[in-house]
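Chemist: Each chain is listed here by its residues.
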Amino acid sequence: MSAGLLGIEELDRTEIEAILARAKDFQPIQSQTVKKLDTLRGKMIVNLFYEASTRTRTSFEIAAKRLGADAVSITASGSSVSKGESLVDTLNTLAAMRPDAIVMRHAASGAPHFLARHLPTPIINAGDGTHEHPTQALLDARTILDRRDSLEGLRVAIIGDIAHSRVARSNVHLLSKFGVEIVLCGPASLLPVELAQLAPGVRLTTDIREAIGDADVIMMLRVQLERQHEAAFPASEYFRFYGLRLEHLDLAKPDAIVMHPGPINRGRELSSEVADFQRSVILNQVENGIAVRMAVLEKVIG
Amino acid sequence: MSIVIKNGRVIDPASQTDRVADVLIVDGRVAGVAPNLSSPKAEVFDATGMIVAPGFIDMHVHLREPGFEHAETIESGSRAAAAGGFTSVCCMPNTKPVNDSATVTSYIVERARRKAVVNVFPIGAITKGSAGEELAAIGAMKEAGAVAISDDGVPVMNARVMRRAMEFARSYDLPIIQHCEDLNLSGGGDMNECANSVRWGLRGIPAAAEDVMVARDLLLAELTGARYHIAHISTHNAIAMVDYARKHGLAVSCEATPHHFALSDRDMAPYDSNYKMKPPLRSARDRAAVVEAIAAGTVSAIATDHAPHPGSEKMQEFERCPFGIIGLETAIALSLQELVHTAKISLNRLVELFTTGPESVMRLGRGTLAPGAMGDVTIFSTELSWTYDVNQSHSRSRNSPFDGKIFRGGPVATVVGGEMVWQRG
Numbered sequence: 001m002s003a004g005l006l007g008i009e010e011l012d013r014t015e016i017e018a019i020l021a022r023a024k025d026f027q028p029i030q031s032q033t034v035k036k037l038d039t040l041r042g043k044m045i046v047n048l049f050y051e052a053s054t055r056t057r058t059s060f061e062i063a064a065k066r067l068g069a070d071a072v073s074i075t076a077s078g079s080s081v082s083k084g085e086s087l088v089d090t091l092n093t094l095a096a097m098r099p100d101a102i103v104m105r106h107a108a109s110g111a112p113h114f115l116a117r118h119l120p121t122p123i124i125n126a127g128d129g130t131h132e133h134p135t136q137a138l139l140d141a142r143t144i145l146d147r148r149d150s151l152e153g154l155r156v157a158i159i160g161d162i163a164h165s166r167v168a169r170s171n172v173h174l175l176s177k178f179g180v181e182i183v184l185c186g187p188a189s190l191l192p193v194e195l196a197q198l199a200p201g202v203r204l205t206t207d208i209r210e211a212i213g214d215a216d217v218i219m220m221l222r223v224q225l226e227r228q229h230e231a232a233f234p235a236s237e238y239f240r241f242y243g244l245r246l247e248h249l250d251l252a253k254p255d256a257i258v259m260h261p262g263p264i265n266r267g268r269e270l271s272s273e274v275a276d277f278q279r280s281v282i283l284n285q286v287e288n289g290i291a292v293r294m295a296v297l298e299k300v301i302g
Numbered sequence: 001m002s003i004v005i006k007n008g009r010v011i012d013p014a015s016q017t018d019r020v021a022d023v024l025i026v027d028g029r030v031a032g033v034a035p036n037l038s039s040p041k042a043e044v045f046d047a048t049g050m051i052v053a054p055g056f057i058d059m060h061v062h063l064r065e066p067g068f069e070h071a072e073t074i075e076s077g078s079r080a081a082a083a084g085g086f087t088s089v090c091c092m093p094n095t096k097p098v099n100d101s102a103t104v105t106s107y108i109v110e111r112a113r114r115k116a117v118v119n120v121f122p123i124g125a126i127t128k129g130s131a132g133e134e135l136a137a138i139g140a141m142k143e144a145g146a147v148a149i150s151d152d153g154v155p156v157m158n159a160r161v162m163r164r165a166m167e168f169a170r171s172y173d174l175p176i177i178q179h180c181e182d183l184n185l186s187g188g189g190d191m192n193e194c195a196n197s198v199r200w201g202l203r204g205i206p207a208a209a210e211d212v213m214v215a216r217d218l219l220l221a222e223l224t225g226a227r228y229h230i231a232h233i234s235t236h237n238a239i240a241m242v243d244y245a246r247k248h249g250l251a252v253s254c255e256a257t258p259h260h261f262a263l264s265d266r267d268m269a270p271y272d273s274n275y276k277m278k279p280p281l282r283s284a285r286d287r288a289a290v291v292e293a294i295a296a297g298t299v300s301a302i303a304t305d306h307a308p309h310p311g312s313e314k315m316q317e318f319e320r321c322p323f324g325i326i327g328l329e330t331a332i333a334l335s336l337q338e339l340v341h342t343a344k345i346s347l348n349r350l351v352e353l354f355t356t357g358p359e360s361v362m363r364l365g366r367g368t369l370a371p372g373a374m375g376d377v378t379i380f381s382t383e384l385s386w387t388y389d390v391n392q393s394h395s396r397s398r399n400s401p402f403d404g405k406i407f408r409g410g411p412v413a414t415v416v417g418g419e420m421v422w423q424r425g
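Just so you know, the sequences run in chain order A and B.
The letter at position 118 of the first sequence is residue 118 when you use my numbering, and the numbering goes up by one with no holes.
The letter at position 197 of the second sequence is residue 197 when you use my numbering, and the numbering goes up by one with no holes.
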């Protein structure tokens, strides 16, 4: 197996710190007039997206280009993927073109792990099913650290459809390694009790007020009740019991920040007022996405 | 044609035999079990230091023929059976077409007669196409050679259909075998619902999916008086219910697979489809309950659920891979390792689980070395050290989580109808 980035779970604290520190170096470049470096000049990155994703794909593409690499993006529709070619065959074909890394998003949990066992090319996981989304957790940590000196001892509430969230899992793994107190919150049908065993420092609650109480960070997850094909929670009730509203923020620390991996559903998981709230850092997350992905690409290929 | 197997420890629970003796087989039948037997023209096999037992029966295999010959054939599956120490196998009906008619049953019987090196007994479908709706031609399949009925691979979800099927099975004096899984509860799951399924983001199959169907079926078995058998039992609650039903006199039984007593969900390698099967590998508690139930006698038989799938189908995203692993060649070794070497059961009990146990359910007229019995013999060692190399398997498929495993004890030679059909090379 070649060294790519499959998940946060396998990383240790030092490796994460190194990526976050490097991402900080890349932050100023985002606002320069000339944004391009030549660190990865001559390198080739393939973005292979089996699930539609405008923001993550674009973010990786921009990150690659700002490092001077060439990036090719392939989406599931309009390629051999839709002609019934198996995943292994597609990846073998791509690997034969000798890219320096493959950035991959796939709806099946473990798809990049399975491929990494059979391919020489480093694979960067850009989200696999309901398993992990490592660069999202890294950019979230970068965003928190832009406002706090350290992660140690913070209290973070993650609220929403935890069961189906790769963002939640990667964040739990990352934050737990830094001694964060993590509260996961959602309706019981979206909050399996086994989540408490995911990493040290994790607590579960079905009460959003309890979750938010004294929190430094409130992470809201995108809720796609219509895609679950089962009665996990009545969609009409979701916002009433698990949507974040302005009055909730009084329960959190006075300087608590609100995060969301996007794209947001106004009126579904958070109110429009919260989305536009001054301590909502959703757009900072997007901006940090590029710096963090530059750091990851440099680590994997550089 | 005769063969004499000399100086082995003969264990035949059916005739309460456990002593060092020779076994003489003449014209396909057991002629005698006694010291110093000989016959002028008999082939001689020296079984000194080995166990000589009635031919082992695997009451649950998938031979994939007709329809899926790229995965297995009756011939290749029977060779894997022989190499695993089995002399008789019962093959499930989920072929293409499904074995839901006398025509398909006869085809399997005929193919087996020409190609198989062990005895092959077909199991007919409960419902047409195993679709769970309309009953199959059960009586006609029995006349053609079916020894039981099952829709294995899928359960009969409709309780009313299951009730009628049990009544028909009783009329024809056939056992009815159920794959217990409430499909609404298991709903697209890929592994046991547990800490690892949540960690890996894989959809879980709760133990309750098995338990609720076992509960329903035991009530229906009481209602109908059917001989009801649960395939591959895997949860502690299901076992407790079977135990309760048996103690209350119901004609119910169950089997356990080697993988369910050898592995738990903690032993899975992440996203490795060689650990993907139904029922899924369960919790450590469930695994321990299966071992205890085997020792206590609640489990009547060890069956492999040998389920070949070609590499191309297992080389996919985990959630797209089919369920099932091959198991014929590793069953005895895993049973010795997990049950006998750990002193959970005696060697006699082990032999029962592969002979009189399945025989009591399936009534094949086998499973003993009494004089006049069919000349099927399994010769195995409890000490032989060997390594399982799945690439050398006689099966056409390679989907086993036990590749490369070093075993203590395993099959040495297999005799079917007085003929040596396999010997360890």
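FYI, nobody ran anything at the bench for these hints, they're computed from the structure.
Don't take each hint at face value.
20 Å max Cα-Cα, derived EDC-like pairs, lysine to aspartate or glutamate [claimed, not checked]:
(1) A:Lys-65 <-> A:Glu-287
(2) B:Lys-314 <-> A:Glu-85
(3) B:Lys-314 <-> B:Asp-389
(4) A:Lys-299 <-> A:Asp-12
(5) B:Lys-314 <-> A:Asp-250
(6) A:Lys-299 <-> A:Glu-85
Chemist: Taking the earlier hints as the rules, which of them does this structure contradict?
Modeler: 5, 6
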